[in-house]
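**Q** Read off the chains here:
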Amino acid sequence: MENIKLEGTGRTPEISFNSQTGNLVISGRSIPENSIAFYQPLFDWLDEYIKKPSLDTIFEFNLEYFNTSSSKCILDMLRKLELLSERQHNTSVKWYFDEGDEDMEESGNDFKSLINLDIELVMKS
Amino acid sequence: MPIQQPKDVFEKEVQILKRAKDLIHVENKTMEEVTQEYENLSQEYEFLLNDARVMTRVSDRLQVRLNRAYDELHNTNDTLNNTNDKLNQANDDLKLSTEEINQKRIILQNMVDELTKTRVSKRATTITLTAAILLFIVTEVFFDPIIDKYFKNDFYFNLILKLFFALMLKPIDYLVEWYLLQDVKRKSKQNAATSAG
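Chains as they are written, first to last, in the working numbering: chain A, 1 to 125; chain B, 1 to 197.
No lab work stands behind these hints: they were computed from the structure.
For each residue, glycine too, the CB sits at the ideal point set by N, CA and C.
Misleading hints may appear alongside valid ones.
[What the hints assert, rightly or not] Quick list of simulated restraints, FRET-style, between CB atoms:
1. B:L48 with A:E33: 23 to 33 Å
2. A:E102 with B:D8: 26 to 36 Å
3. B:Y70 with A:K124: 53 to 63 Å
4. B:L96 with A:E33: 44 to 54 Å
5. A:D101 with B:N28: 52 to 62 Å
6. A:D44 with B:R61: 46 to 56 Å
If we strip away everything but chain A, and leave its shape as in the complex, we get (with noise of 0.2 Å):
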């Protein structure tokens, strides 16, 4: 299974997707034009993965700014890893933040309250 990375833009995050250590990280700004079609790799690869993952999977979401498509990408992608969390496997995603950015912390948090995953939101120093 090939790993997935992409360089940020100014309108799409950097992508770094590691089938091997099972780290998945997001990073950057994320308000593509179409996001389904920046997304949809995404969820084709999350459920080639989840058919044969790590032992231990985590994903970071360290973002800046996402709109509200990608909000629904976001609720998506964590519902695929509630899948692998439901088969037992070592599943946890951390939410990055910058201090004082409450908004960051917030969307984290509502997230949090409606996915049945271990996040942890980690306040960036």
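We have chain A; now place chain B onto it with these hints.
**A** Chain B alone, transformed into the frame defined by chain A:
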């Protein structure tokens, strides 16, 4: 990874709705199957409702953040415009000052020129007067014996000759002044060239 056509972000929800609509027209379903479908639909609806709540909250929060950023941008833009106005004003003031300095420089240059001309004129007059005195002495010493000898001490000839010398003083004064001015100009040019070099 297989390449798929991009779909809607609500593709899954659209499929659930389609399935629910299709079920209305299916006649040979048992009560148990219908109940199961209803349960599934209720669960999906609950998911969708929860998603909608979270997405609305997140979206509103990010909208506020965007508005804040817009306000900051607006304020920064105002500050930039004010700074630009001040810079333009300062630039206009500087232009006026430069023009004033240029005018004063021209006046000063004219004064210096006049002063130089006056000095040169005085020097030329001094030289001319000295030359006149020398000429008078030379005339008295050398020309008078010759005039006595050849013109029998002719009073009118003597007068005309002295008048001629007297009339020649002004052109000589003018020529000396012209020469000295040219000399001053040449020296000024040389000094300017040396300073620039």
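**Q** The structure should be examined with respect to each hint, and the outcome stated for every one.
**A** Structure-based check of each hint:
1. B:L48 with A:E33: 23 to 33 Å: holds (24 Å)
2. A:E102 with B:D8: 26 to 36 Å: holds (32 Å)
3. B:Y70 with A:K124: 53 to 63 Å: violated (25 Å)
4. B:L96 with A:E33: 44 to 54 Å: Cβ of L96 (chain B) to Cβ of E33 (chain A): about 52 Å, so the range 44 to 54 Å holds.
5. A:D101 with B:N28: 52 to 62 Å: Given a distance of about 56 Å, which is inside 52 to 62 Å, the answer is holds.
6. A:D44 with B:R61: 46 to 56 Å: With Cβ atoms ~30 Å apart, the hint is violated.
This entry does not satisfy hints 3, 6, going by the numbered hints stated previously.
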